Every structure is written in C-alpha cells, then in structure tokens.
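Asker: For this one, chain A is given, so just place chain B on it according to the hints.
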Amino acid sequence: MADSRKNPDNITIRCETRDGATTVAPIGDVDLTASPVLRTELKRLHGLRPQRLIIDLSQVPYMDSSGVATLVEAMQMSRKSGTKLVLCGMQGKVRSIFEIARLDTVFTIVSDTDAALVA
Amino acid sequence: MASKGSVKQAEVVPGKGLAAAGPAVGEGSGASSDAASGPAEICLEVRSNPLYLSAARELVAAATRRLGFLEEASSQIALAVDEALCNVIRHGYDRDPHRPIWISLFPEGNGWGNGLGNRSGNGGDGVVPGSVETRFPTLMRIVIEDEAKQVDPAEIKSRDLEEVRPGGLGVHIIKSVMDEVRYERREPIGMRLTMVKIRRESVEGVENDSTSTNKPATAPMVGRNDGRACGGGGVHG
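Read top to bottom, the protein sequences are chains A and B.
Residue numbers for the first sequence follow the numbering used here, beginning at 1 and rising by one.
Residue numbers for the second sequence follow the numbering used here, beginning at 1 and rising by one.
The hints are simulated quantities; they were obtained by calculation from the structure and are not laboratory data.
Don't take each hint at face value.
Calculated lysine-lysine pairs in the DSS-like style (CA-CA distance at most 27 Å, straight line) [unchecked claim]:
hint: 1; chain 1: A; residue 1: Lys-93; chain 2: A; residue 2: Lys-43
hint: 2; chain 1: B; residue 1: Lys-149; chain 2: B; residue 2: Lys-175
hint: 3; chain 1: B; residue 1: Lys-157; chain 2: A; residue 2: Lys-93
hint: 4; chain 1: B; residue 1: Lys-175; chain 2: A; residue 2: Lys-93
hint: 5; chain 1: A; residue 1: Lys-43; chain 2: A; residue 2: Lys-84
hint: 6; chain 1: B; residue 1: Lys-157; chain 2: B; residue 2: Lys-175
These figures come from a predicted structure and were not determined experimentally.
The following block holds chain A by itself, in its conformation from the complex:
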C-alpha cells in the first residue's frame, strides 16, 4: 500500500509496504526545514515494527547534517527494535556528506530498492 504525505516544508514523503519491507522515500532536499518532518515519519514507521525499513534517497538531491542526524537516529531506533535498516539510491552530494561524516561504512547502503530488499 502506498502512502504519500505532502507538507508545507518542501518535502514529500512516500511510503510503501511490499514483500514484507517498508520503503520510505523522501522527495526533496533534506535540510533543517525538512529533517523534522522525516524524523516524525521515521518514528511513526518504527512504531509499526517493520522487519525491514528501506530509506530510498534516490530523489534527495541534497542533505545536510540535520538529515544525517535524522538517519543516525533511525539507525539507533532500528537497532533497538530489531528492524533491518537499509539506505539506497544515494546521489553524489548525499553520499559525499556520509563519507565526510565517516558514516558510509556504518550504514547498510546499496544501489537501489531491489538490492535493498535482499541486503
């Protein structure tokens, strides 16, 4: 089932559950304006205790440290709840900030949602 949430903070978040995995796809820049929106949605999804949570970043052209912090929080929540968290579809600028923060080896990061289903 797909769900799309539009809000006034310049970000749209699409959610979909298939094959036992929940995929959340933010669309737009994830900066200090949008990060709280994404954080709220990720908390809501963790409350549903999915076995696998895929964050599809293929439509995120830009992310700053507030977005990175949001994903680190999601990773911590996933570890507590036993959810497998996978990031996929990172564009160059987003991958770069993960590398600068030395988090590219901390997260499970794959190329696309198909790979994320089996990672």
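Answerer: Showing chain B alone in chain A's frame:
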C-alpha cells in the same frame, strides 16, 4: 512561517553599512590579489528561519559556479554555508526565526578583491576576457555574521567521529570542505565565521596546480575582517 522573514540583497558602502543593491562592477586597474580589501561583492541578509536555507545555498552555489569554481567545489561551499547557518539558527539564536544573519562573499585574486569585479577587463557586460585561469578569482572568502550570543571560539570544534550519534557534525563538515575556517567574536555583539575556499581547477577542468589535492598551509585570510562584510557593526532589532 515567519511573516517577518525576508531575503534581500544589498551592497556595502564602506563605513556606511548596508545600502541599496547596485551594480558591483566598476573600473580600475592592476589590483593584486594581496591588495584585496574591498567590500563584499555579494551580500545577503537573511532572517534566521530555516525556510531560507535553500535560497542561501542556491545563491552561493550559483555565484561560485559563475566565478569559475567547479560543480563539486561550489556544492561544498554551499554545504559549508548551510551548516554554518544551521549552527547560528540552532545554537546562536535558539531557533528564533526572526534574527539577522549576514552572508558576505569576497572573490579574491586575479584582480578580484577590490569590490570592483575583475579590474583587468570586465566591462560590466558579463563577458570577461582572458583565460579561465586569469579571469576568475583564485579563492572565495565567505564571512557569516550574526548577533547571537558569543562563545569562546576555542570551544567551537569538531567532535569525535568514532562515536556514532546524531548531531554535532556541522563544524566537522565545514572544516572538511573548506580550506580555512576561523570563528571569532564580533564587536559589539555576535559571532563571525570566516571561511576560505581555494579554486584549484578551472571551469574547463584543467588543473591549476599539480598539488591541488593538498590544502595550502595557510590561506590569505588573516586580518581581512575589516568591517566591510555586510554585517557592519550595528545592532539590529
């Protein structure tokens, strides 16, 4: 959303603070990069509302691209500005969205840095003669000022990245992508952050310097905060 929020472009008149925006290109000749001491070529005053972050970084990225910085370097400069603004908004102003922040861009080198554009031949029509190596500035100095609470600059530092936790990455990111970073108290109030990015490659992708991957030991930054950034010296309400 804050109704008071605004983004406006302005030009500094030395000694007079902010003035109405106007053409920055003028005439003159022969200023060396070392003589750079003019007013900012681009000045942006923005309220401390996160909604304006995208406008600020898009302006910075577009301006630096136009001044010969490659896409990656322009993106890094915009990222550093974004992180600096976020720190001011969150820690300096405690998320009050109505306070002022000033962003000043000083392109320097190759005749830039006098507040008059490239004095070697920019006639103001946007067509700058010369090779890409000589017509564009060799570095971009960016000054970000605020009226936030003052902190000891020595206490502004990167955190240990071995500890995986949310937050505290902004300063590390800024220091990673810029060549020089300096925080200082601003008189009579607030903080000033000065960042320098060296342009190492031309817009045509030609290396300027075979050692370009190494950051220079020092960038020509010290002593340049001479009050000509658009923050001026006044206190705004």
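Asker: Find the hints from earlier in the document that the structure breaks and name them by number, from lowest to highest.
Answerer: none
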